Amino acid sequence: MTPTGTSESSGRSSDQGPLPLLRVTDLVKHYGGVRAVDGVTFDVSPGTIAGVIGPNGAGKSTVLTVMSGFSPATSGRIEFDGVDITREPTDRRARRGLVRTFQIARVFEGLTALENLMVAVPHQRSRTARGLLLGKRFWGPEEDEIVAQAHQLMSTFGMADKANERAGNLSGGQRRAVEIMRVLMTRPKMLLVDEPMAGLNPRLVRQLEDVLVALRERGLTVLIIEHELDTVERICSEVLVMAWGKIIARGEMAELRTRREVQDAYVVG
Amino acid sequence: MHLLIESIGFGVASGAVLSLGAVGFTLQFGISNLLNVTYGALMSLGAFLGLFLLGHGLNIWLAMVLGGLMIGASSVAFSRGLISPLTRRGLRPFSLVIVSVSAGIVLEYLIVVVAGPATQSYGNLSGATLRFWDFTLTSSQVIILVIAVALMLGLHLLLTRTQLGRAMRATSSNRTLAQSCGIATSRVSDLAWLISGTFCGMAGIALAITTESFDFTLGSLFLIPMIAAAVLGGVGQPYGAMVGGLVVGIATEVSAAYWSPAYESVIAFAILILMLLVRPRGLFGSGSARRLLA
Amino acid sequence: MTGLEFYGVVLLVYLGTDLLAAWGLNLEFGVTGVANLAYIVVIAAGAYTYAVLTLGPDTSFGGFQQYVAGLHLPFALAVVAAAVVGAVVGVVIGVTGLKRIRQDYQAMVMLVISLMAATVVGADTGFLGGQSGLSLIPNPFSGLSAGVGDWAYVGMVAFACVVGYLVMRRFTGGPMGRALRAVRDDEHAAAAMGVSVVKMRLLSQAVGGAFGGVSGALLVAFIGGWSPGAWAYVETLALLTAIIVGGLGNDFGVSLGTFVITVLLLQGVQFLPEIRAHTGLTEALGWIVLGSLTIAFLAVRPQGVFRERRPRYHISDPAADEGGGAGTAMTPPV
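Protein chains in written order, with my numbering: chain H, 1 to 269; chain X, 1 to 294; chain E, 1 to 334.
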C-alpha cells in the first residue's frame, strides 16, 4: 500500500513499484445522519494481502459494502485496475474481477455444493442467446470442463464427497469453504473478505490462512477485514486501522500493536 | 364549485369509513408486521353478522358494536390460531401474505356456503337527507362519521393516556425491547388484535349500511382503498391512517365526480402502488422505515 | 359426440393450457423466485391479443361489441403475437418489481396491478369489450365437423404442450436453470458472483409471460369468449397453489400439481351434484379446499409433494477424488 501523501492520481512513478490494483480516494458514506465512513483513502498493490482492523462500528464492513457495490458511495472515488468503478453495479464489478465474501457465509441453498461452484464461472456460453438456442450441443463441452474444474477444486479442499450434497444441508464451516471455493471459481483478481475466520476453530483458521497465502503466491490480491489479530499479523503485509469511520493508522501489524492510538481505539471504540 | 364541495362531502363520509378500516389494518401491521389481506374477508363477515343481528331485531347501531366485537374476537383467534404459529415456524413475510390471501378466500367462500352467493341488503337505513352549506349527506352517513370520530378519539386516548396504550406502542415499535422491559407482549398483541378487529367489523357493517346491497366480496372491494389509506399515512401509524382515509375518500369521490365513476377504484390502486414504489414509509412514517427495506 | 366426451375434451384443453401457464409461473416463481401475483394479467393479455387480431369486422354487427383492430389474422400468427405481447407485458410487470422493497410489499404491488388491470379493462366499454368482454372469437378448426374439430383442438394443445415443455427445459434445466436458481436463493450473492440479477429476473418474466400469453390465446380460441370475469386475481392463486403443492422448481411436480388442482379440483367439482339448490356451492367448496391446501402446504411442506431435485455430477476419473478427508478439511490448492 502506498501512503496517501505520495500517491499520484495518474501516471506511473518508477520508484513506487506496480500500479495499485485498488485505489480508494476520499470515500465517504452517510446513512441518514451517521457518517459511517468519513473520508477514507488507501491503495492496495497487486499480489498482496491487506488487512483492515478496528473496533466494532468503525466502518470497516461499510467500506467493503461500498467497494463491492452493494451500497452507493456518498462521495469519493473507487478505481479498480485503472478503471473508475464508483458508479458501477455489483455484478459489473464482479465481472471485472472484484469479488467479495460475506460475514455470514452465503451459499445457494437449493443448489448442490458443486453447482454453487459451477454457477460462479463467468462468461458462460450457456447463458447467451446462442447458448439457449443451440442447447447442449453448443455448451456441453464447456460445461464438462467446468464440472471437472469444480470437482478438482473440491477435492483439493477435501470436500469431494460433498459435491452432490444440497448446499442448504452443509454445516457452517462447510458453507464457508464452499463460499471461498465459489469465489475462486470466478477467477477473481481481487478478493474482499469480511471476517472469514469468525466461527472457525483454530485448525480451520490456520488452513484458511494457508489457502490465502497460497493464492497470493499465484497473484491474487486480497483485502481482509478481521478481528483475529494473529491472523492479520501472519498473512497481511500492510494493515489499516479504522475507527469512527476514519483510518487512524497504517503499517505492519507487529508495529501497530505497540502504538498508543491503536490501543486507545480498541478500548474506547 | 358546488360539485366539488358536494363530492368533498361524500369524500369525507366515505373517508370516515375508510379511516376506520385503515386504522384497524394499520394497528394489525404495527403489532404483527403483517400485511393482513384477510382483513377484507373479515369485513365481509362483519357485514353478514350485522345482517344476522338485524334480522333478529337488534337496532342497527347496537348491531354494529356487537358485530364489531365478534369480528374482534375472530381476529384474535385468527392471529393466535394461524399467524403466530406460522410466524414461529419461520414463514417469510411473502409466504404470510399468500397465507392471508388464501385465508381470505377460504373465509369468503365459507360465507357463500353458509349464506349463499346472492346479494344482500340491510334495507333502507339511510334516514333523512341532511343538507348544510353545499353538502348533502344522509343521517346514517353522519352517524357513522360521528361514530368513527369518537372511536378514533377513543383510540387516541387509549394510546396516549393508558398503560395498555403505551405498551401497545412499545410493542409496535420494538417487540423484543418491549419484552425485555417486562411487557407481556402476547397479551398486548391479543388486545391489539381485538381492538383492530373490532374496527374491522364495524367498518364492514358501516360499509353495508352505506351501500345499497352487498355480497361476500364487500370487504375485498374496499380493502385496497383502506390499505392505500394505511400506506399513505405510514403503515403502523394510526394517525396517519386516519388522515389517509380522508385523503383517499375525498380523492376517490372527486375523481368520480369529475372523471368517471367507473375509475374510482383506480385512484386508490394508483395511490397504493405509487406509495409502495416511491415512498413506502408513507407521508408520516419514520421509525417504521427500517421494516420496509428488503 | 356425447356430453361426456365433450366434457373430456374440455378438461383436456383446460389441462393443456393450464400446464403452459403453470410452467410459466413456475419459471418465474419456483425457479427464479419472482413473486408474480399478477401472472393472470399476462394470460389475459395473450387472450385479448389473440381475440383482437382474429376478430374480423364482421363480428361487430349491430355494434354489440367494440374493440381495437379487428384484423382477422390467421391462427398461428395470432398465437405468436399473443406470446410476444405476453412477454412484453411480463417484462413491464417485472420492471415494477425491480425496486428493492420488502417481498411482501412487492406481492402487494403485484396483487394491486392485477386488480387495477381488471378494473381498467372492465370499466371502459370501448376498449376490449369492457365488462362484457369479447365473444365470437374464431376457432381455427371451426371448418371441421364438431367431433373432429374438438379432438383436433385437443391434439393441437397437446402439441403446444410438447413444444412448450421442450422450450421450458432449456430454461429450467442446465446452466441457465442453475443461474436462475442462484438468483432465487440469494440474489446478493449471485450479484457478487457477476450474475446480472436484473437480466435474469426480466428474462424469466419474459419467457414466463410468453408461456402465459400462449396459454391465454389457446384457451380463448377454444372457449370463444373472454371477459374480466375470466381473469380475476384469484386465478393466479389457483396456479400458485398448483405449483406450491406440486413442488416448486420441479417440472414434474408442477405438472402433476396442475393436473390435481386445476383439473380435478376446480373443474372436477362441477361434476358434484348441486345440493339443495345452493348455487355456487360446489365452486365455493373448490376454492375453500384450494385455499386450505395452500395454507397447509406453506405451513408444513413448502417444498411441495415433489421437492426440487438437483443433478448429480460424477467424475469418471477416480484420480480427481483423491484427498477426500473429513468434510471440513481444507488444504491449499495444488
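Worth flagging that the hints you see were computed from the coordinates, not collected in a lab. There could be a bad hint or two in this list.
Stated by the list, open to error - Listed next, the in silico DSSO-like pairs over lysine-lysine satisfying Cα-Cα at most 27 angstroms (straight line):
| # | chain 1 | residue 1 | chain 2 | residue 2 |
| --- | --- | --- | --- | --- |
| 1 | H | 189 | E | 99 |
| 2 | E | 99 | E | 199 |
| 3 | E | 99 | H | 136 |
Unchecked claim - Derived CB-CB ranges, DEER-like:
| # | chain 1 | residue 1 | chain 2 | residue 2 | range |
| --- | --- | --- | --- | --- | --- |
| 4 | H | 34 | X | 157 | 48 to 58 angstroms |
| 5 | H | 141 | E | 152 | 34 to 44 angstroms |
| 6 | H | 141 | E | 162 | 26 to 36 angstroms |
| 7 | X | 3 | E | 136 | 34 to 44 angstroms |
| 8 | X | 284 | E | 162 | 39 to 49 angstroms |
Just so we're clear, the structure is a prediction, and the values are computed from it rather than from any experiment. Backbone N, C-alpha and C fix where the C-beta goes; we use that ideal spot for every residue, glycine too.
Q) Per the hint of 26 to 36 angstroms, is the separation of the Cβ atoms of residue 141 (chain H) and residue 162 (chain E) within bounds? A) Given a distance of about 28 angstroms, which is inside 26 to 36 angstroms, the answer is holds.
Q) Is the gap between the beta carbons of residue 34 (chain H) and residue 157 (chain X) within 48 to 58 angstroms? A) Given a distance of about 36 angstroms, which is not inside 48 to 58 angstroms, the answer is violated.
Q.
Assuming the hint says 34 to 44 angstroms, is it satisfied by the Cβ distance from residue 141 (chain H) to residue 152 (chain E) or not?
A. holds, 43 angstroms
Q.
I want to verify a distance hint. Is the separation of the beta carbons of residue 284 (chain X) and residue 162 (chain E) within 39 to 49 angstroms?
A. Because 56 angstroms falls outside the window, the suggested range is violated.
Q: Please work out if residue 99 (chain E) and residue 136 (chain H) have their alpha carbons no farther apart than 27 angstroms.
A: Distance ~34 angstroms between residue 99 (chain E) and residue 136 (chain H) Cα, so the pair is violated.
Q: Quickly compare the C-alpha distance for residue 99 (chain E) and residue 199 (chain E) to 27 angstroms and report which way the hint goes.
A: holds, 14 angstroms
Q) CA of residue 189 (chain H) to CA of residue 99 (chain E), is that 27 angstroms or under? A) violated, 31 angstroms
Q. Taking 34 to 44 angstroms as the hint, is the beta-carbon distance of residue 3 (chain X) and residue 136 (chain E) inside that range?
A. holds, 41 angstroms
Hints 1, 3, 4, 8, counting from the list given before, are not met by this structure.
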